[in-house]
Amino acid sequence: MAESPTSLTALGPQCEAQRERILKLFNGGATAQDTLRQLCELADDSIQKVFTELLRVRGSAGQGLCLLALGGYGREMLFPYSDLDLLFLFCNEKAELEFRPLISEFSRVLWDLGFRVSSAGRTLEECRRIEGDNAEFHLAMLDRRFLAGDNSIFVKLDAKILSGSERQTRSFLLTELQRLTRERLARYGNTIFHLEPNVKEAPGGLRDYHALLWMRQLAGERRDPRISPVNEDELTRNAVEFLSSIRCFLHYSNARNDNTLTYELQASAAERSLGVDDNLRRNAAEWMRLYFRHARTLNRQLLRFVEQKAASSISLRQRLINATIRAKSDTSNGKAFAMRDSLLEITNEQAFADRNVTFEMLAEAARTGVPLSRDSERAIAYIMTHPELPQRNMRITWPVLSEILGADFPGVALRPMHRLGLLIEILPEFRSIDSLVVRDFYHRYTVDEHSLRTIEHLQDLAEPSDPLGFHFTPIWRTVERRDLLILALLLHDVGKGMPVDNHVIGSLQALETAADRLKLSPEEKAEVSFLIEHHLDMSATVQRRDIFDPSTVTAFSAIVENQERLQRLSLLTYADIHAVNPEALTPWKAEMLWQLFVATSNHFSRSIDRDRLHASDEALLLEKVRQQAAWASKADVERFLEGFPRRYLAVHSPAEIAAHFALYQNLGAEPVQTEIKPSHHAFTLTLLSADRPALFAAIAGVLAAWGMNIMKADAFANAAGVVLDTFHFVDLHRTLELNPSEIPRFRKSIADVVNNRQGLEPLLKGRLAASLARTPKVAVQTSLNFDDASSDQCTLLEIITQDRAGLLYEIGSALARISCNIEVALIDTEGQKAIDVFYLTSERRKLTPQKQELLREVLQATLA
Amino acid sequence: MMKVEAIIQPSRFESVKDALVEIGIEGITVTEVRGHGRQKGHKEIYRGREYSVDLLPKVKLEIILADALVDRVVETILKTAKTGKIGDGKIFLSRIEDSIRIRNEERGESAL
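Quick note, the sequences are listed as chains Z and F, same order.
First residue of the first sequence: 1, per the working numbering; consecutive thereafter.
First residue of the second sequence: 1, per the working numbering; consecutive thereafter.
So that you can see chain F by itself, here it is in the shape it has in the complex:
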């Protein structure tokens, strides 16, 4: 099993979510996050006061998957989250040891 973590633009979230549902992904954890990579922040002046927007809003998706599905999910996220501009985000992959469904204590991929 793998964990796919994707940090994406908030504006792309709806499209990414719809595309993932379309390929049969049902379990997604979504978090509103802030941060920056190469797309540093910027400064905005409003009514004489300077506001630095150095941590930009992003959406983080977390999906735990059977290994066989990982490539398809990554491809779907890439296709729908990409605008070609700095700030489109990143995808991280990591291995998952086990999963347990709390309701019936099923384990492994069948618990996903």
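Isolated chain Z, as found in the complex:
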């Protein structure tokens, strides 16, 4: 019978006393490095004693057996309450048979001494084999360390067994490690900015550092970052020490291996200035900013390494394709950057002394969705942080920023801008929420991270993989002034970092300064202000009102005022809820949001003529218009405005209304007044005239004849029968853009056709035929819906059909042919789908059922 290990009985109290001593030292300010080393020495010493004693009791010399430390314990980073990863290594199967029973007894004794043991047994031969489904074991083996027993086995393992097999498994392990790392980072939303981060596993946690060490080791890099003296490695060492201090603190506080830095423990850590040498007092939010700074260091280094390794795995074919693209772009535009391996790389660093080149590169990223490489970011950061390098054009202008914000992938540019500090340089208001933790039961991320995520959720709508975004994709694709929406998202929560009771008020104050500095127009500022002020309204309506009650929709429509705002507010709300945490936007909420959007959108298009302006009730508006048109009499302005649908006010600013009024006053001299203005990548034509048959068709026809693609249009009439049509069109052949002298000829052409001085058919000949010959990319089925219920005076006709050149002219002509008068028209396009709503009358009444049937037949024949 085996002798019991009686000499170990004293070891328990000794271990406990040692642990108490180490804890006391840690609480007294000892570094994490010292703490981990001492815990490791305690474990080593205890294990060696137990190992020796158990062998002695068994009467064995332990020949053919050795004990190794693996993983964190192997690399001498043993945290309080962490597992001891141990490997019993047998020289052969005979030794395994003899010593395997020792493992359970050994583990039990160590458990009794207060150690958490995680042990495994392998023969030398088994260590040679690659376990394809157990990469974690092979990775833990990279940190192996001899603890006790027959050292010759360990030497053999190193020199003969693993030296050969590690070379073979290197590629396998590197691939697996990259996969595991990607999965781990994705589990935490690929961001370091969690409100209650896991300091071990989350991005920026200690696992990032260890993964980087393993990757470098597997990639055969000789440089050991643990001892490298360069500046970056000093940052790394500081970050590892800071995070290790937190992890020790968490384990001690929880009395278990729990790595979540909760709000309560953040406050305690800040109170004792954990990991900080200076004696400055910091509140929890300030202390967490230090955490995020260190986490960013570790995460950035890991990602840069992963990116470099990923680049080398691109196929030869892809490299050749990329090289061709690069060669073309290099020679054609002389840019200081180019795309390489699906990343934007700097090709001429000196050029980046001009900040405009940096903005140009960021705009390219926002336009194409191709991100900047980490090396490019590092180069830009170097230039930005070395004031001795002369820099030019430091200030960004609103048009340049607007281009970045209004592109398809604004988040692809905003991420590096935030990492580089450029975003705060451009929008200092954003600083108040930089890495800001606001305690909240629902939010998972810091406020800046939440804001950037809202924008990324929107850009993901371009090609949604998320079914929640299905309904919102068409809105994102067609929404106007995305730049203002994105600016609103950047600013909507900055008030959370300001000393105000209501964060919305703070965010609006921030907009004041930002708008002044960026020189936003009053209309642009008003739009961003609306979105910030009402950014919670749609969510509140969905959750606290009955959205199927028409009065809810009417009340909500009164807040939003027009379709364009509704689109922007819906997208903002979708993104704002989605970015709270991965589960916040449930299918239930997304559906409710969509239902409210549809109901409100339909309310706008079906209720226009219900609510008409009575100018005498609009004293404030009259005053604003008269401020812009001081020469006008009040009575004239009233006469002009009387009877326009209220939507007219919602889609035009007082300055625009004053301009319309000026045109109106010239109608006596020239019966057709036009104005053409360039707008965002398009033109806007405004036309005033007395109503006349087929007017809408005539204007649409001239635009088609000149090759203009109508994207949107409104047609309104006032009580005196003056028609005000607005057409937003894209100049497909850049005729007006490249030849400004053509603009007067274009306007004359419109006036001549409307005044019957020139026929339309000769102009259109050829143009429409060419358009019809083109095969559309997406087939849109035509649908015609009549609605007699939504308006008291008009029949509504909604037409959905394939968009094509001259479409509005054809529809307008068909309506005119059977004597239908257009009271209001709302024209919109969504990709290749035309969505037109007409308020129609015939002989000043709704269309009879017979007339509706006739019109249906005529239009079906026209649109076929």
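Treat the hints with care, as some may be off.
Unchecked claim - Computed beta-carbon distance windows for the label pairs: (1) E26(F) x A267(Z): 23 to 29 Å; (2) V33(F) x R182(Z): 32 to 38 Å; (3) A462(Z) x K3(F): 42 to 48 Å; (4) E26(F) x S465(Z): 52 to 58 Å; (5) I559(Z) x E5(F): 33 to 39 Å; (6) S273(Z) x K90(F): 53 to 59 Å; (7) S99(F) x Q14(Z): 19 to 25 Å; (8) S99(F) x G220(Z): 56 to 62 Å; (9) A526(Z) x V33(F): 37 to 43 Å; (10) A462(Z) x E5(F): 39 to 45 Å; (11) E26(F) x N190(Z): 33 to 39 Å; (12) Q33(Z) x R101(F): 40 to 46 Å; (13) N190(Z) x V33(F): 30 to 36 Å.
These are computed hints drawn from the structure, not numbers from a lab.
From the three backbone atoms N, C-alpha and C, an ideal C-beta is built for every residue, glycine too.
On the provided structure of chain Z, position chain F as indicated by the hints.
Just chain F now, kept in the frame of chain Z:
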């Protein structure tokens, strides 16, 4: 012990929750659900496409209570969730055999 399950209008949820907290009810489980009873769905046309909203959004509350509290809770829900229109929802009552607090393994009403 009884289980009270209430299916209510989402718009009434905040009021119902506040009223329940006011009478001392602290443990409520809330689920976003969809369904219909007599308040069938409706059809909505948006941009030429017809969307049928046949399953309407509702909120389901689940509360486990001591028998003595049931009447008061039901009365509170009725008072705050009722609008008088079709679609206000329903309340279901069922008996509960036992309850166990995981933290300390307490059982019965004291575990509520």
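Do the hints match the structure? See the list:
Checking the proposed 23 to 29 Å range against E26(F) and A267(Z) shows it holds: the Cβ atoms sit about 25 Å from each other. For V33(F) and R182(Z), the Cβ-Cβ distance of about 35 Å falls inside the hinted range of 32 to 38 Å, so the restraint holds. At roughly 46 Å, the beta carbons of A462(Z) and K3(F) sit within the given window of 42 to 48 Å. As the Cβ distance of E26(F) to S465(Z) is approximately 40 Å, the hint placing it in 52 to 58 Å is violated.
A C-beta distance of roughly 35 Å is found between I559(Z) and E5(F), which places it inside the suggested range of 33 to 39 Å. At about 57 Å, the beta-carbon gap between S273(Z) and K90(F) stays in the expected band of 53 to 59 Å. Hint check: S99(F) to Q14(Z), Cβ distance near 46 Å, so the stated range 19 to 25 Å is violated. A hinted range of 56 to 62 Å holds for the C-beta pair S99(F) and G220(Z), which are about 60 Å apart.
Between A526(Z) and V33(F) the beta carbons are some 40 Å apart, a value that agrees with the proposed interval 37 to 43 Å. For the pair A462(Z) and E5(F), the beta carbons lie near 42 Å from each other, so the given range of 39 to 45 Å is met. At roughly 37 Å, the beta-carbon separation of E26(F) and N190(Z) lies within the given 33 to 39 Å, and the hint holds. Judged by the Cβ atoms, the range 40 to 46 Å given for Q33(Z) and R101(F) holds: they are separated by roughly 42 Å.
Take N190(Z) and V33(F): their Cβ atoms lie about 32 Å apart, and the range 30 to 36 Å holds.
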